[in-house]
Amino acid sequence: MNNLFEGKNVIVQGITGAHGSFQTKAMLAAGTNIIAGTTPGKAGQEVEGIKVYDTIKDIQATHQVDISVIFVPAPYAKGAILEAITTDIPLIVCITEGIPVHDMLAINKILKTSSSTLLGPNSPGVLIPGGNKLGIIPADMSLKGNAAIVSRSGTLTYETMAGLTNKGVGQKYVIGIGGDVIHGIGYKECLQLFQDDPDVDRILLIGEIGGQDEIEAAEFIEEHVTKPVFAYIAGHHAPEGVQLGHAGAILGSDKESADNKTKILAAAGAKTANSITELITLVVAN
Amino acid sequence: MKLLEYEAKNILAKYGIPIPTSLLVKKGDILPAPLVLKSQVPTGGRGKAGGIILVQKDEELKPAIDKLLNLEIKGFIPSTLLAEEKLSIKKEFYLSLLVDRQLASIKLVAHINGGIEVEDNHDFKSWPIEDKSQLETTGQELADYYQLPDQTFALQDLLENLYECFIKNDATLIEINPLILTEENTLVSGDCKMTLDDAAAFRHEWSFEEQPAEANFVTIDPNGNTATIANGAGLAMATVDAAFEAGLKPANFLDIGGGANEETLLKAFERIVEYKNLQVIIINIFAGITRSDEVARAIVAAKQKITNLPPLFIRLAGTNYEAAEKILTENNIAILPDLESALKAAKEVIHE
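First to last, the protein sequences are chains E and R. Taking the numbering used here, I'd label the letters of the first sequence as residues 1 to 286. Taking the numbering used here, I'd label the letters of the second sequence as residues 1001 to 1352.
Isolated chain E, as found in the complex:
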């Protein structure tokens, strides 16, 4: 997966939109090699000096594409992701927020039998300080180094990264896996990447209440991760959501509290904190 994030030729789907064009500029400024973009019906236009095509196929006629970053609005995002899958883009990073769950279920089925890897949706993307910026993580708050961050929440990812940078702790990877119910790669794939990359010397895992992803991540850490892991689960003081029906309790929402996840991560060997400030302090002290 290492090679995937460091892929060279990047395209932007939905490059002519407000977010697409604004973020293309920021990605170019961070040094990302964006070779083209797509918006159906807008072939021939340029955004920040980058040529716009109708389809990915049209770009592939003359260029190899390694990575696509998607900013296409939610109603059309399913089509955009499927286009990237069917044109065999190795890494697809989907920033779009608010894609219907049923669209993601359909995409997930096709993704399983494809050669593509999906990060997101509703993800801030990946930042490799000094390397690729694939998405919207603000590069000017980062510092090149050896820590690796994986998080489910966008803005909390930035907060953690900025906290490390302020204390002079640089990052090799900053990855937001996205907060949607159905998503592409998760904690496990990122933890594996961090474990395998000799440049990474410590791992920060940021989670949230709800779901069981962090519990599965804890199992993975216990079995496969030898590097130091620092973890913070947001929502220690979150009020209980208004529960509808019994399904939530049956699915084990009591296991999904911040306190319980923190306990499980600590038992798996992670150093845990109750706030971001405490987490950064822990990382600096160790």
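I should point out that these hints are in silico values taken from the structure, not numbers from a laboratory. Given the structure is predicted, the values throughout are model-derived calculations rather than measurements. We put the CB at the ideal spot given by N, CA and C, even for glycine. Possibly wrong hints are sitting among the right ones.
[As the list claims (entries may be wrong)] Which chain E residues stay away from chain R? Per the calculated CB distances, all over 12 angstroms, these: (1) G44; (2) T87; (3) S115; (4) G131; (5) K144.
[As the list claims (entries may be wrong)] Pairs of lysine-lysine, BS3-like flavour, derived with a Cα cap of 27 angstroms: (6) R/K1107 <-> E/K112; (7) R/K1125 <-> E/K109; (8) R/K1074 <-> E/K255; (9) R/K1132 <-> E/K78; (10) R/K1107 <-> E/K109; (11) R/K1326 <-> E/K167; (12) E/K255 <-> R/K1048; (13) E/K167 <-> R/K1344; (14) R/K1014 <-> R/K1026; (15) R/K1107 <-> E/K188; (16) R/K1249 <-> E/K255; (17) R/K1125 <-> E/K112; (18) E/K188 <-> E/K144; (19) R/K1125 <-> E/K255.
Chain R: place on chain E using the hints.
Coordinates of chain R only, in the frame set by chain E:
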């Protein structure tokens, strides 16, 4: 979007799923007993809270309607009541279809003993549903599990209709509990909870009773001294956690999301100033897709309109920070470099 029981049942009926004969009632309506009167509130635990009344005699109806219309259940007062025929119950089962995060798939969940105590059970039976073609086999297995061999066809039909209903309506949860087997040996949906995916609203023409929005704004402690505003649910939770750790008493959780405009902030401030012990407001915005200059402009505008605001402790970072700093500085509003210093500064002005 969480639907009320009667809304959910109307949808079930459209897909051929049996529901009891029913009618919406309001104050003063006259109906013949016996019937079951049910408060329409968007929450579970209604039965235990007294929100369902069996009306045995005609003259019991009026007091029952009056009682339920005034009965608050987990903070909700019903605007509507549902009257249903009294069913003759032989047995109650549990059945739901939902999107399972861990499986990344639709899942059918069942239990042979349904009803209000269902969550005390731990031995639920479940089937991942990857495709419609599985439903015939699953229906057979469900009939075996429920020990209702003579209902096999009915359950297969029910599953096919339920699945179609789930897909066509962009549902994320349909829970039928109890699924009632009547003395006449028919299966009827006794109660139904349904959640539809708000993200899919663009392709439907939904018109349901408006329920309180999903928890973007939640009061944690109405007597708290600190209001919090952040963007992104994770950062909003982390801001509350950090405020607690710093010794403040957060009154609320608020995620203003990506759309931190003047209107959103104004609404937030209007709710926040209601807290009677409020002494400080923490604003923690880390802009990625949000642009912090827009947030800064919104803060300036909102602050001019609401004059009784307690001191603001603002932390802004990320996209377009320089422009934001300029706007706030020109308006004599301080920005703090990180959340830690914002909390520390806030703590200093708090008096018990």
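Okay, the hints, checked on the actual structure:
no.	hint	in the structure
1	G44	holds (27 angstroms)
2	T87	holds (23 angstroms)
3	S115	holds (19 angstroms)
4	G131	holds (18 angstroms)
5	K144	holds (19 angstroms)
6	R/K1107 <-> E/K112	holds (18 angstroms)
7	R/K1125 <-> E/K109	holds (23 angstroms)
8	R/K1074 <-> E/K255	holds (22 angstroms)
9	R/K1132 <-> E/K78	holds (21 angstroms)
10	R/K1107 <-> E/K109	holds (15 angstroms)
11	R/K1326 <-> E/K167	holds (26 angstroms)
12	E/K255 <-> R/K1048	holds (24 angstroms)
13	E/K167 <-> R/K1344	holds (18 angstroms)
14	R/K1014 <-> R/K1026	holds (24 angstroms)
15	R/K1107 <-> E/K188	holds (23 angstroms)
16	R/K1249 <-> E/K255	holds (26 angstroms)
17	R/K1125 <-> E/K112	holds (26 angstroms)
18	E/K188 <-> E/K144	holds (23 angstroms)
19	R/K1125 <-> E/K255	holds (19 angstroms)
No hint from the list above goes unmet by this structure.
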